[in-house]
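For reference, the chains in residue letters:
Number of protein chains: 2
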Amino acid sequence: MATNVNAYAAQSSDADLKPFDIKRRNLTADDVQIEIEYCGVCHSDIHQVRNDWKNSQYPVVPGHEIVGRVTGVGDDVSNFSEGDLVGVGCMVDSCQTCPACENDLEQYCENGAVMTYNGPDEHLGGHTYGGYSEKIVVDKEFVLSIPENIDTKATAPLLCAGITTWSPLKHWDVGEGDKVGVIGLGGLGHMGVKFADALGAEVVMITRSPEKADDAKRLGADKVLISTDEQQMQEHAGSFDFLLNTIPVGHDIDPYIQLLGLDATMVLVGAIEPLDEFHGGGLIMGRKRVAGSVIGGIKETQEMLDFCGEHDITCDVEMIDIREINEAYERVVNSDVKYRFVIDMDSLKS
Amino acid sequence: MATNVNAYAAQSSDADLKPFDIKRRNLTADDVQIEIEYCGVCHSDIHQVRNDWKNSQYPVVPGHEIVGRVTGVGDDVSNFSEGDLVGVGCMVDSCQTCPACENDLEQYCENGAVMTYNGPDEHLGGHTYGGYSEKIVVDKEFVLSIPENIDTKATAPLLCAGITTWSPLKHWDVGEGDKVGVIGLGGLGHMGVKFADALGAEVVMITRSPEKADDAKRLGADKVLISTDEQQMQEHAGSFDFLLNTIPVGHDIDPYIQLLGLDATMVLVGAIEPLDEFHGGGLIMGRKRVAGSVIGGIKETQEMLDFCGEHDITCDVEMIDIREINEAYERVVNSDVKYRFVIDMDSLKS
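These protein sequence lines map, in sequence, to chains R and H. Note that my numbering numbers the first sequence so that position 30 is 52, with each residue one more than the last. Note that my numbering numbers the second sequence so that position 77 is 99, with each residue one more than the last.
One thing to keep in mind: the hints can contain errors.
No copy labels: a pair is met if it fits in one copy or bridges any two.
What the hints assert, rightly or not - Below, simulated EDC-like cross-link-like pairs (lysine to aspartate or glutamate); rule was C-alpha separation at most 20 Å, straight line:
| no. | residue 1 | residue 2 |
| --- | --- | --- |
| 1 | 40 | 343 |
| 2 | 192 | 285 |
| 3 | 239 | 106 |
| 4 | 321 | 285 |
| 5 | 360 | 346 |
| 6 | 175 | 132 |
| 7 | 245 | 126 |
| 8 | 371 | 328 |
| 9 | 360 | 343 |
What the hints contain is simulated information worked out from the structure, not anything from laboratory work.
Taking the hints into account, I'd like the entire structure generated from these sequences.
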């Protein structure tokens, strides 16, 4: 029924991450078993380890940017075989029958998608465990193919940071002829710049930090707009077709609304938090829109991965050993990473 | 060059409205001269008389819901002739050349549409004067045809309250099969209910005031949702395709965002004011949108008026004499009008 697996888990809200044995279900007919090679470190891992969202269930085994090799498949699995390079993102299941699921929008499943960790585990009971682990067993519908031609370790964050920025760019049809602003240069923002650039848009990196300008341009930004410089903000007022707002904390959105042109949209992807008061007139004068977006559906995630293979796009990563995870968390919190930590899961064995 | 005209004006921010002589330009080749029969009382008249928006220029002659008869046309005017029943709304001019104007969106003119009152007057200098007046002279491009078959006095508020609610319903393609919520039952809201109903949507009136339920149903609402009743709000959570938010003051939008379904939009049309802080997660989880919209373009306004003629739609109005204007303002501020005051401009002569 279940197999013991080595993992790194937090056992209470103030606990460090520590070695921990968890159970993974044995293969069912629809399952794919994966030996995890790399797992990205997402800011939401930290939120959940620290119970910031008040819904963590311990032990928390974080990790939803998972890449590895297939080590076994169930009898009804035909789309994957042993040795395939595959990925798992933020979801491992959904109802598959609601209108959202039927439209390939499992992330908005009306019955609630099952998150890769801290979700309800229908197979073993309790809750799901994520990718800071040597193995994972996942329903075949939630397993992605990873292109073999790009740097594997740098693909892991595509499963969350990548799809989170790709999905709104595609949904709002961003491409050639559009002036796109990416607000905030972190794990999400650096992928937003790469994707918007690859999709043919004019890309403006919008940041408070002038020292990030060179890196933004290296990543694909045509211009850098310093958001604390009122004159620069005024020069760009009303000129953007689309803004991808990756700021991960509450903030004042009014200055960014002023940047939008007629009928233009700003999409929030980072701030699952209270935002400051804003002025209704900013939206009313110019028929502007503020929207939200969370990760992406499985089909769309595969399209993004295929696009990355074709266009040689990966994330900028810093590799760490699993024993460096707490230091890495501190650095993520301090925005001191370019731009995503990835854990080499071999380090779990040593 | 200019003709003296009798009007009602406020001469300072704490002044009552009083009889006042203003100048109207003589007809140019492109102008239409109108004898005003009726003028609606919009909440924004009060804001500007009282200088709430800190940009009023005195004397303020309010009024941008104007209906009257053509009494003269310039040499180059072919679309109107003497005796025609016509209307003038919130704008009397725009640049006519920017992308917004070229797309029939004069209300978003990049160079700034000229408002019917308190806008810069390029003809006589100073600023424009509105419809609390016996006559007005307006460029032919900003004059609307009013259907003769519907109650004239009840058409005046269509020029602002009507188009303000019509435009977003049409822009976001509201119609049969949509569940539409209209938030707030006042001058805007009552037109939102009538239009959404006439467009074939299922209409839910959303209000804090249970005593408004009967009237909302008379106006066309299929259901009434009391926004202070948490159980009712929970029952409707995630179920709306579109929300038209007519609340004219700052408020908490989070409870309304919770009502939106996947990819659904709430459009703000009333609150040109700071809104409370809101939770980013409300938009992110469900890819929801909050947008704004202001009045509508001239072409769209004519389409709305034609629709009203075809479907026998007018505003619910209370007629007043111009000398009752200050009492009417107090009642508007106290939401004590069903649903729009209209001034009979004959009273200006007596």
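Evaluated hints:
In this assembly of identical chains, the alpha carbons of residue 40 and residue 343 lie at most 20 Å apart only when taken from the same copy (13 Å versus 79 Å across copies). When the C-alpha separation of residue 192 and residue 285 is checked against a cutoff of 20 Å, the pair qualifies both within a copy, at 17 Å, and between copies, at 14 Å. For a Cα distance limit of 20 Å, the shortest separation of residue 239 from residue 106 qualifies neither inside one copy, at 35 Å, nor across copies, at 61 Å. When the C-alpha separation of residue 321 and residue 285 is checked against a cutoff of 20 Å, the pair qualifies only between copies, where the shortest distance is 18 Å, while the shortest distance within a copy is 28 Å.
Taking the shortest Cα distances, residue 360 and residue 346 sit within 20 Å of each other inside one copy (16 Å), while across copies they are farther apart (67 Å). In this assembly of identical chains, the alpha carbons of residue 175 and residue 132 never lie at most 20 Å apart, being 33 Å within a copy and 48 Å across copies at closest. For a Cα distance limit of 20 Å, the shortest separation of residue 245 from residue 126 qualifies neither inside one copy, at 35 Å, nor across copies, at 32 Å. For the identical chains of this complex, residue 371 and residue 328 are neighbours neither inside a copy (31 Å) nor across copies (75 Å), given an alpha-carbon limit of 20 Å.
In this assembly of identical chains, residue 360 and residue 343 lie within 20 Å of each other by CA distance solely inside one copy; the values are 16 Å within and 70 Å between copies.
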